[in-house]
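Knowing the structure of chain A, use the given hints to seat chain B on it.
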Amino acid sequence: MEPQVASAYEKRLQAYKDTLELKVPSEILIHADILTAQIGYYGLSVRECLKDNEKYIKTCTKLYGDFPIDFACNPLINPLETVEALNRNTFFVSEDGVTVQHMQDTPMTEDEYSFLAKNPQEYLLGTVCARKFPQLCAGDEKAYQTLKEAAYAYKKFSELSASYIGYAKEHYGVLAISGAKSYAPLDVIFDRLRGFEGTLTDIRRHGEEIAAACESMLEIYLKPLSGLSGKVPHAMTTVHCPSYLRKPDFEKYYWPTYKKMLKKAYEKGSVTLIDLEGNMRRYYEYFADMPKGSVALMVGDEDIFEAADFLSGKIAYFGNYPIASMRYSPKTECVDLAKAVCDKCAPNGGFVFCMDLPALSASDINTENMSAVYETVKGYR
Amino acid sequence: MEKNKAIPKLLEKLADDTAFIENDEERKSFVEAFKRILIEI
Chain A
0 MEPQVASAYE KRLQAYKDTL ELKVPSEILI HADILTAQIG YYGLSVRECL
50 KDNEKYIKTC TKLYGDFPID FACNPLINPL ETVEALNRNT FFVSEDGVTV
100 QHMQDTPMTE DEYSFLAKNP QEYLLGTVCA RKFPQLCAGD EKAYQTLKEA
150 AYAYKKFSEL SASYIGYAKE HYGVLAISGA KSYAPLDVIF DRLRGFEGTL
200 TDIRRHGEEI AAACESMLEI YLKPLSGLSG KVPHAMTTVH CPSYLRKPDF
250 EKYYWPTYKK MLKKAYEKGS VTLIDLEGNM RRYYEYFADM PKGSVALMVG
300 DEDIFEAADF LSGKIAYFGN YPIASMRYSP KTECVDLAKA VCDKCAPNGG
350 FVFCMDLPAL SASDINTENM SAVYETVKGY R
Chain B
0 MEKNKAIPKL LEKLADDTAF IENDEERKSF VEAFKRILIE I
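The listed protein sequences correspond, in order, to chains A and B.
Each residue of the first sequence is one higher than the one before, starting from 0 at the first, in numbering that gives the first Met the number 0.
Each residue of the second sequence is one higher than the one before, starting from 0 at the first, in numbering that gives the first Met the number 0.
Calculated from the structure, these hints are not laboratory results.
Possibly wrong hints are sitting among the right ones.
To give a feel for the contact side, a few chain A residues facing chain B, derived at Cβ under 8 Å [unchecked claim]:
id: 1; residue: 147
id: 2; residue: 153
id: 3; residue: 338
Ideal Cβ positions, reconstructed from N, Cα and C, are used throughout, including at glycine.
Only chain A is shown next, with the shape it has when bound in the complex:
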């Protein structure tokens, strides 16, 4: 790392650690949350990125030189080639060649929670995966070669993710904060096994079995947290189903196991950054009950000014500038709103300037407005 890049990195790292400890950092950090939009913005497609990894990394990381962004943001977050090697379509590239979509899949039936609770690994690999990947169940060498091809694709995906983040850190001094995926068991059921309708119906009909299944699944989902050590990089969660739950259901079915995951990261000396999807204001109290400095929140659909009233001084938070405003509003309005957000959130510390939604396509990036807003935030005193 060049000395001036190393210096910028150390400055950012200290500012981020101060933010997580609810102190006022030397400057407000910016998390742009630009995902596949960076691929389109620099004229590439997902396929080109997968084919020419070096070109992809060198091209897309220009983002950190073109804008004053402090956090590396890996645009390819799904192992597309693994999905394809196994003939699945749960993640696929859209017709625009840039955005990636998720197709809901519900390979578990509602009467199977007791099997999930009794032996999650045996049930998930021996029953659910057998339904999803029948070509792996033939018991012949071809099945093993198919699995191995998928495993190689996943290995390549993991290495590509690490290379992108490493290059961004090495050449631009941006922070690499993701150290482990913290995946709450009820979200695994919601996202991967029973889907939206199934999970919400099951909670009414099979509540106790769901609670038992979540408890059993913990063993699998605590494992990724064992490698954590220190504040940065730290655990990260994207919270999905709670925005559709009633508070008593969150308390019974989501929180007990997820709280154990948050505690595990904290006991390892780390933090969990929780990306709240949807409106999660009604759950802030649960996170505030955790030890101070153990979690940070990426505010979801909540109003940032109201969120700040509760969170300020209690929990570090990333929030929550509207991407729609950045795209469509006049520059002066964008800058005024950025100033207002900083006036409200920055003085008490513990705040990172962030967008309310990730940028997925090139049209999500309005260069002039984004530059003006980020310069305003960086110049804020």
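Relative to the frame of chain A, chain B by itself:
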């Protein structure tokens, strides 16, 4: 409900396959992560 040992057996084979990843610790850790990915995709 059907139970099938084929995929767990393939994963055991992968966990022992030094041609895939030579280092034992690295290979076993990879296979654990790969199992979670199979559940997710």
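Results of checking the hints against the structure:
no.: 1; hint: 147; verdict: holds (6 Å)
no.: 2; hint: 153; verdict: holds (6 Å)
no.: 3; hint: 338; verdict: violated (41 Å)
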